Structures are given as structure tokens and as C-alpha cells.
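Listed below are the residues making up each chain.
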Amino acid sequence: MRILVVEDDLEAQRYLVNGLKEAGHVVDDAADGDIGLTLALSRPYDCAIIDRMLPKMDGLTVVAEMREHGNTMPVLFLSALSEVDDRVKGLKAGGDDYLTKPYAFVELLARIDALMRRRAPAAVKTKLAVGDLELDLLTRTGTREGQAIDLQPREFRLLEYLMRHAGQVVTRTMLLESVWEYHFDPQTNVIDVHISRLRAKIDKGFQSQLLHTVRGAGYMIRGAK
Amino acid sequence: MARNSGFWHWAQRVLHTQAFRITLVFVFFYAVTATALVAFTWWNAQRALDAQTDDTIEAEVSGLREQYQRLGVIGLSDVITGRVGQHGSGLYLLQSPTSSVLAGNLVELPTSAKLMGNFVEFDYQRHLEGKEVTRTARGRAFFLQGGFLLLVGRDISDQKESRRLFTTTLPWSVGLMLLFGIGGGILMSRNLLRRLDAITRTSSAIVAGDFSRRVPQTASHDEFDALAENLNVMLERTERLMKGMREVVDSVAHDLRTPLNRLRNRLEEMQRRIDPEDPHLDDIDAAIAETDRLITTFNALLLIAEADSGITRGTMAPLDLSAVVADVADLYAPLAEEKEIVLDVAPAGVLTIEGNRSLVSQALANLIDNAIKYTPAGGHVAVSAGETPRGIDLTVADSGPGIPAEDRARVLERFVRLEKSRNSPGTGLGLSLVAAVARMHDAKLTLGDNTPGLKATITFPRTFVKKPANRE
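As given, the protein sequences belong to chains L and B, one line each in that order. In case it helps, my numbering puts the first sequence at residues 1 to 225. In case it helps, my numbering puts the second sequence at residues 1 to 472.
A hint or two may mislead.
[As the list claims (entries may be wrong)] Pulled from the structure, derived: some chain B residues nowhere near chain L, Cβ distances all over 10 Å:
(1) Pro216
(2) Thr218
(3) Leu235
(4) Arg257
(5) Ile295
(6) Leu302
(7) Leu303
(8) Gly430
[To be verified] Cβ-to-Cβ under 8 Å is the rule here; a few derived chain B residues that face chain L:
(9) Thr23
(10) Thr81
(11) His254
(12) Glu269
(13) Thr315
(14) Leu331
(15) Ala365
Simulated from the structure, these hints should not be mistaken for lab results. All figures in this text were calculated on a predicted structure; none of them were measured in a lab. Here a beta-carbon is modelled for each residue, glycine too, at the ideal position from N, C-alpha and C.
Please put together the full structure from these sequences, using the hints given.
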């Protein structure tokens, strides 16, 4: 995938570019808003990672200009600013996701993967399936090997999010943000408890395990190879 | 219906203004004084007029008496006939001792005039333009020497009419005066209210966090404009201060996060590059974990600073506290269950407060997190929201060891952790953040005894119900 990185802190930029290249992406970089906008408008990218504070033109303006020119590529904002209303400003300006520095690289990688995947116009699905696990989005019920799984509403949403991102790493923060709509870090890792309960419902008593823990990153649901 | 109640609301506001009350008192005193003055003047004028009439009659009487003495009854009746012929307002009647009319323009002696010697008012009939009309007169009847009766009077119907007109118009004038006074009062109050409302609207927008608002000024340079100007200068200064605060918070955040970011990046890079078998990997993992703790503490401190500085007030919106309780409790339910703690959520109806969902949720999460952390297995944690006389309460009560009364104020300070808990994970900022979020919402955090256990309550102020938007 082609990714544009606009970041003025050169060390952070180098690190970001290296990391993304190691993950198999093609990366272009820019160190200020002007060059960033020019690149964004002249070359096709699958995703852009843009710092909020940039010389010459700040990140919000870059994205607002991109959207003005009809450019719809997914954008992830990186910000070292304080947080309470900055996230809202970023999303209002046309950003698709928002990550506060310092971040864990796995978190960033999982988020841009999700952003780029989201871009592909998925047909309106009424059923999600991973291996022999099926989720009916209309009746809001789940079955595995034809056996009904009893899911609470929140468990259903959690499983739906995981299955929509099947084969991708989903971090705890991503789950907290999209399933609970919280943008803070609970002191205790409550998400792990939710996952282990969900795992007990969908994996317990079955041959193959679908819900995997990705060490140091988060979770992933995927069918048996 | 809504329009109607809007009008009543408006009317009530107008009637309760100081301007309207002052106008009302003023109009009342003005009406009383003016009425008294007019009535007194009029009464005096009437008295003078009556006296004048009496004087004229008296003069005529003495003239006629003289004529009688000089010329006798024949001469007197001639004089009277002559005067009647002048068609003035004079009334005369000369009767013989046998009560036959000798001269004059009255047909008979009016009943009320039979009281001899005194001035009396009486009605009489008169032909006027072919019609018989009843008119009022004032006069005096008396006996002349020889038993003749003479009545001399003057027509006072016009005076009477003006007197009647006056007494009927006076209440109307007073009524009109009051009406205009009240109308003027309403107009004045409305103007005053409009100016004050503009100031109130601006100040509530500012309290809600919009520091760019200014009190509107008019071209009239009156005392309201002077007040508005002063307020605006003050607001200008406050906005500059808030902006400065925002910049400080932002640059502190930026200047600390940038090196923290580089530090974490480098550690992660080392972690990725190092051979998985290398014994130093554990050290790197530990360093990353330590960095993350540093970041968590820093974020919590920054959030407390932000909540306390007031720069987050702009993010507040109407929020249903019951929904917040249900959502956060839902997040923590499995954790409580795993620790064999019963998490009780008391259902409540919609409880609207003015708040920031994320911060209120985080504060509640911190309280529940603490409660679960310190409550032993088999205990229970009760979360509830409800209206009390003081406001809207959000309560988390546990059956843990609680906090001794003397330590309760201290644990709200930053970084204070009680000895017993020093080794359990946490930044020591959890309760400080809750307290800061409470302060930001003009709410009060109280720690009480749940006998046994801790009972933490955040009391939010009741949000005032938005007025119907029928003005402007």
C-alpha cells in the first residue's frame, strides 16, 4: 500500500517511515504542510498520516484543503497537543482517525490497516462469517457450526467489530473507541475481560480457535488456515 | 399552547422587572397627586363661581328691593317684566300675598325655594326653541313688606353640566393615566430586559466556554453601553488569559510528548531489531512499560490541568447521566464478576446535566475502577444516579475498607495514595481527576462512609430548563 507521511519532527518521521516500510508499505514523506498537500493532491495514496502541527500549513488546513479538492483518501492525524477537544477538531476538519503521541507503533499500524480496508467499498452485508462462525446482522444472532450462541447486545457489537476486521489486528483502544465510544484509557484492562468472556462463548468446546490474542498488540479473529 | 405559555413566561418576566415596579409605583403616586390637585382646583373654582352667582343675585335683590320701596309693587313688576324681556339668565317671580303671579318668567314657586331667605338650588321648566326643558337655577325667595313674595335667581345649568362632566370624566382620566403608565412601564421594562438579556446571553455563552463572545453595544452611548464596554474590556482580558493558558497547556503537551514519543519510538525499534533470544529483551520491554506509565501519568496530569483551567468548558453539552452510568457499568460488569463482586446499577429515568461525556465517563470509570480494586471478593459495588434536593447525584458505594474520615480530603490531592495501596498499580491521580472533572462541571465530589466501605458522590448542579425560543 502507498502511504504518505507528513511529519516535521525528522526523527519521528524517520522512525515512522522505517516502520511502515518494514511492514511492507511504500512510503513518501514530507516535512511541512505545503509539500504534504502538494504530494497528497498529485499522487495516488491509500492513506495519509499527518501531524497536527506542521510548519507552513498546519495539519487541519492540509486535510481541509484535500477534502476541498475532492480528495477522499483516509487520513490519520497524529497529535502531540492536549486532547479534550482536539480530537473533535481533527475529525471535523476531515480526518478519519486520531492518535495522540506518544503512540505504540502496533496501534498505528492496526489503525491504518483498518482505515485502508474500510476504503474498499464493501457491499452492504447482512451476514458476517469467519470460518464456521456466522453473525446475522439483521436478527442480531450468532451461530457456530449451526449452534446458536447467546450474545448480549454489547458482546454482539464487540464480535461484529472483530469480524468486520477479520484477519486484522484490532487493538484494545480501537475496541474501546468503536464499541464503547470512549477515548480514555481505563486503569484496569477491562477489555481483556470482555474478550475472555466472548472467547468462552464462541471458542469454548470447539476444535479450532477463532479469537486470537496478538501479543503486545491486541486481538484478531480469523478462520482456521 | 406553546406560544401561549411563552407569552405568559414573557409577561411574568416583564412584570417582575425592577423597571416595571418602579413605573407602577410612580404612576400610582402621580395619579393620586394629579387627581387631588385637579379636584382641589376645580372645587375652588366651583366655590368662586357659586359665590359670584350669589353676589350677583344679592346685588339684584337689593336693587329690586329699592325699586319696590320707591315705586311700589306696580313699579317693581314693570322693572321685572323689563328685565325678563332682556332674555338674560336672570329668573324672577313676583307673587301677590294670594299667591297669584304678578310678574316674572317662572310659572310657579319651585318647591325647594319655599324655604324663605336662604340660597337654594331648584329645577324649573323653560321653553327653549319650542321645547319644554328642565333646567337648574340658584336663587333666593323672600317676602317683601306687604306680603308680596319675590324670587330672584340665575340659571346655573351650564355650571351644573360642567360639574357633571367633570365628575364623570375624572375617573376615566385617572384610568387612562394608569393605563398609559402601565403601558409605558411595560415598554420601558421590555427595553431594559432586552438590553439585560443580551448581557445575560453573552455571559452564559462565555460560562459555557465560548470566550469570543462580546456584549453587544448600541449607538446611544447610554449607561448600558458604558457597562457593556467595561464588560467587554474584561472579557477581552479573560479571553487573552484563556488563550494564553491554552497555549501553555498545548506547548507543555507538545514539548513533553515529542521527546516521550522519540523515546518510545527508539525503544520499540530496539525491541523489533533485537534477537528474540537476547536476554536484554526483557529490559527493553520493562523500559517500554515504564515509559507507558510515564505517559499515563503525564496524560492524567494534563487532563487535570485542562479540566481545572476551564478551557474544556466549551466541550460541554446536555448529557443523560443515566446513560453514562449504564454504559460505564456495562464496561466494568465482567471485571466485577470476575472478582466475584456484585455490581449493582440502580435504574433511573433520564437525568440531564450539562457535561462532557468523555470526562464524566472517565470520572465514573475511575470511581468504579477504584471501588472494584479495593473491594474484596464477595463484596458489592452499587452505582446509582438520582435527583436529590441538592442537585443530581452520581454515587458509587462499595463494601471495601473505605477511607478514614481524616484522610478523605487528602486523597483528593494529586499523587496522594494511602500507605496500604502504595504497591498496587495506579498513578495516584484517579481521584484527583474525578475531583477536577467535578470542579469543571460546577459539581461537588464528596467522600463518605458506606458503613462499611467508601461512598463517593458527585453532586451535579441541576441544569436550568432552556426557555422557549420565542424572543428575538
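Numbers of the earlier hints that this structure fails to satisfy, in rising order:
4, 5, 6, 7, 8, 9, 10
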